[in-house]
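Student: Spelled out, the chains give:
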Amino acid sequence: MTSEMNSGSGAAPSFFARKATGLTREVSWVDALFYNLLWSSIPLSLAFLLAFGPSDFTSASPYWTVIATLALAIPCALLYAMFSAAVPRSGGDYTWITRTMSPVLGFMSNVSFIFWVTFFIGVYAVYLGAYGLSPAFRVLASYMQSPSMLSTSNWFAGETGSIVVGLVVVALSAGVLILGRGLRTFMKLQKWAFGFWFLGAVVIPFIIVALISKGTFIAHFNSYVSGLGGSSDAYAALLKSSPPLGASAHSLGGSLLMMVLPFYTIGFIFQSTYFGGEIKRARNSAMKSIVWAEAIAGVVLLIGIAIFGMRLSAFMGITGFGDFSKIGMPAAPLYTEVASIASGNIVLGLIISIGMVLVFITWIPQTMLLVSRSLFAWSFDGLLPAKVSDVNPKTHSPVFAVAIISVLSAVSVVIVGMHPNLTFVVGLLGLTVTYLLVSVAGIIFPFRQKDVFEASPFNGRIGGFPTMSLVAILSFIGIGIITTTLLMAQYSGTSWQYNRSRVILCISIVVLAAPLYYIIRAIRKSQGVNIDLAYQEIPPE
Amino acid sequence: MFYAGDIHGSEKCFRKFINAAKFYQVDALILGGDISGKALVPLVEYADGTVKARFLGTDHLLSTEEEVEALKQAIRFNGFYPFEIREEKLREISKDDTSRQSYFDQIMSDELRRWVNLADERLGERGTRCLIMPGNDDEVFTGGVIDEAEHVVNPDLRVTDMGPFQVLSVGYSNITPWDSPREMSEEQLDAEIKRLELELDSSRPLVLNLHVPPYDTGLDYAPKLRADLSIVGGSNPNMVPVGSQAVRDAIERLQPIVSLHGHIHESRGSVNLGRSVAINPGSEYNSGVLRGVIVRLRQDEVVSVQFVSA
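Note that the protein sequences, when read in sequence, are chains P and D. Residue numbering for the first sequence follows my numbering, beginning at 1 and increasing consecutively. Residue numbering for the second sequence follows my numbering, beginning at 542 and increasing consecutively.
Keep in mind that the hints were calculated from the coordinates and are not lab data. Mixed in with the good hints, there may be bad ones.
What the hints assert, rightly or not - The calculated lysine to aspartate or glutamate pairs, modelled on EDC-like cross-linking and capped at a C-alpha distance of 20 Å, are: (1) D:613 <-> D:586; (2) P:450 <-> D:651; (3) P:387 <-> D:842; (4) D:613 <-> P:454; (5) P:240 <-> P:159; (6) D:593 <-> D:568; (7) D:563 <-> P:454; (8) D:765 <-> D:720; (9) D:765 <-> D:807; (10) D:735 <-> D:793; (11) D:593 <-> D:633; (12) P:450 <-> D:625; (13) D:563 <-> P:541; (14) D:613 <-> P:532; (15) D:563 <-> P:537; (16) D:636 <-> D:586; (17) P:387 <-> D:633; (18) D:735 <-> D:689; (19) D:613 <-> D:637; (20) P:387 <-> D:807; (21) D:630 <-> D:589; (22) D:613 <-> P:451; (23) D:735 <-> D:724; (24) D:765 <-> D:793; (25) P:450 <-> D:666; (26) D:563 <-> D:637; (27) D:613 <-> D:651; (28) D:593 <-> P:323; (29) D:563 <-> D:638; (30) D:593 <-> D:608; (31) D:765 <-> D:742; (32) D:636 <-> D:625; (33) D:613 <-> D:600.
Since we're looking at a predicted model, the values are computed, not measured.
If we strip away everything but chain P, and leave its shape as in the complex, we get (with noise of 0.2 Å):
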């Protein structure tokens, strides 16, 4: 039985579809959209934009590097975003490079994204016990003037604390993803965590910084130091030892270099790539979602940077390098506690710091799941034992794989928790790798899978040349400006003149992964499977 469909334009009948099984609706590109913004961690981005920029990017303007990066990140945005219209599976970089270039290449490139992102849980159980939950002990701390809340905020800054929160959100992350019977269970927490965290780390700060006087944020802020044990006089006590930093006339170099600090969002916001196609073929899903992802994290930007440099200019400069110990300050605010402070509200503090601890709470088990999705396409090509893509019958959930992924998380928090220094932006260089090379696989794509890249919807030329080959190129050379910031800026935790180890660690994983790959093959042909024929394709002639 047939049954006329959609009738586009009001010229020819789109199609006569069938009765057939799969024929749903599209998925709404809200949904993708709400995933990237909640992954890409905006809040953070803003926060060391806010506390770093000033100190340790002198001739920087904030708005224009803000401008810039989305500039150069954009082209990789929306690269990902085609390559996911034309190829629509699991696996992310991996499945396209290894389809487009060669296989040890995409396994190369897919081992250091997995790599970094996994260390990255590490760098989020730290930041959780730094930025999330150490600051909003200190709020109830100082409202409640309760010296056991103070110890509790100090204890989740310190080693012993970060490793055990990082270990048990890894743990809950785990059974959450185990127990929950498939997505569902997380993914409902996750949107219930996203309303809070963008009400919290977002709005209320804004509004409240907006409208405060500076006389009002001097006296709130001398009462809070004054209630964790402070200075009663601290505002003055913290210009007098670290007056504000002279300003300084901007540069495009100077902007340019502190790229790294908005990177960490803007280039991050199309991870919903990763799996967004394996429930629905949404072709055009990814491609606006990503676009109104950039485009929402750029005004939040820089909406956050106007607000707080208009409001708090110099106050937030001291945050990203005054002594605040010597006026009883544990550790300097981000932007959020400074809002907390500023409303002088304890329920108000609490909501801002409950917003800035889910950013860290969320994106722990959503990287769970990313990182499954890399196992099971090992798996599905024979590079890992099949065991790691099933999926127990009982709870619907990937078992194995999970306990794999949260070992490893375990590692990455350990080590991280013990080296806290590792934190800042460190892994931004070894993810470059992977753009990089998914870039080159976008240039050519267009051309070695003629037939796919012809059947996708971005699938149109400028002057005869594959505009997705063209949006490949400008991604590279984007990416690649950003990789010669991360390797030039002294603070970018990659500079090639102050962690030269770093940058080879960075260099080693991508290179050790090809003889890794080559030690699985041999292992997996001495058992009679040939996993060159996974990623062989059929001439279809």
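Since the structure of chain P is provided, determine the placement of chain D on it from the hints.
Tutor: For chain D alone, kept in the frame of chain P given last:
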């Protein structure tokens, strides 16, 4: 042997399927159901000689034979059937369900006949055993078209030979929300499988070729749907088992060396049920990717199972 399913009209996937015999050096090919495309795309000829079509959200105005052929190829690549039709004829069949259905049945028959002839020609020369079975999404007449083949075998609702192995095949699915052409109740499925069991030779190893996967095994999770076929939960779907209990019972009862399934594109994987390995290679037909599985068998055991996305 190489097994794939759910190619849903993709010309590219079908040609890959045929060529898989040589490419993977296998002795047998099985296409486990859902061969037909899900939609037909008209290329409308207007009185002024122009041809118009709307495909993947884009309006096409075609003025040369080459352009028409290129669009037809892109349509086939995506698993749809292109057909050229005059504007007046299109208007005529649009008003009458019966004549439209008959028109479309003819188009689908012709396309399938062309495929089967191609398979006959290529695999007959090579001597590769080839089973092509209709699934639940294929119209009832589909089996008859495959039966016309000289070399290709339609194994649906039969026990057929594949070298030393015997293959019990059922292409019907349990009831789906789509009211697809070839569905059965669980009781009917159970009865059909039990009827075929009577034809089995207990001394020969058995392969099951059942389009619908076994219930609640991880091979059958699909998004839960509302009555209007929209997904419950949007992009956070509630994945529920939709396989067949009758199929699961059959695997547990008969313990074949391998049980091959399709139907649920999202649930690619393999699972052990007792001594049997049940496999669903999934489907990615509308990307032109043939998802399949190479199963190496030796006497009465599975040597290896390898998923491929070709």
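Student: Are the hints correct? Go through all of them and say.
Tutor: Going down the list of hints, with the structure as the test:
1. D:613 <-> D:586: holds, 14 Å
2. P:450 <-> D:651: Cα-Cα ~27 Å, so violated.
3. P:387 <-> D:842: The given pair, whose Cα atoms are some 19 Å apart, holds under the 20 Å limit.
4. D:613 <-> P:454: holds, 12 Å
5. P:240 <-> P:159: violated, 31 Å
6. D:593 <-> D:568: Violated, at roughly 45 Å.
7. D:563 <-> P:454: Given pair residue 563 of chain D, residue 454 of chain P is violated - Cα atoms ~27 Å apart, limit 20 Å.
8. D:765 <-> D:720: Judged against 20 Å, a Cα distance of about 16 Å means the pair holds.
9. D:765 <-> D:807: holds, 13 Å
10. D:735 <-> D:793: holds, 13 Å
11. D:593 <-> D:633: Given that 20 Å is the threshold and the Cα spacing comes to 17 Å, the pair holds.
12. P:450 <-> D:625: violated, 25 Å
13. D:563 <-> P:541: holds, 13 Å
14. D:613 <-> P:532: Roughly 32 Å between the alpha carbons, so the hint for residue 613 of chain D and residue 532 of chain P is violated.
15. D:563 <-> P:537: holds, 13 Å
16. D:636 <-> D:586: With Cα atoms ~18 Å apart, residue 636 of chain D and residue 586 of chain D stay inside 20 Å; holds.
17. P:387 <-> D:633: violated, 56 Å
18. D:735 <-> D:689: With Cα atoms ~27 Å apart, residue 735 of chain D and residue 689 of chain D exceed 20 Å; violated.
19. D:613 <-> D:637: violated, 25 Å
20. P:387 <-> D:807: Distance of about 18 Å is within 20 Å: holds.
21. D:630 <-> D:589: Status holds; Cα separation ~15 Å.
22. D:613 <-> P:451: holds, 13 Å
23. D:735 <-> D:724: holds, 17 Å
24. D:765 <-> D:793: Answer violated: residue 765 of chain D to residue 793 of chain D is near 26 Å, above 20 Å.
25. P:450 <-> D:666: violated, 30 Å
26. D:563 <-> D:637: violated, 46 Å
27. D:613 <-> D:651: holds, 15 Å
28. D:593 <-> P:323: violated, 72 Å
29. D:563 <-> D:638: violated, 43 Å
30. D:593 <-> D:608: It holds: about 11 Å lies between the C-alpha atoms, which stays within 20 Å.
31. D:765 <-> D:742: violated, 39 Å
32. D:636 <-> D:625: holds, 18 Å
33. D:613 <-> D:600: holds, 14 Å
Hints 2, 5, 6, 7, 12, 14, 17, 18, 19, 24, 25, 26, 28, 29 and 31, counting from the list given before, are not met by this structure.
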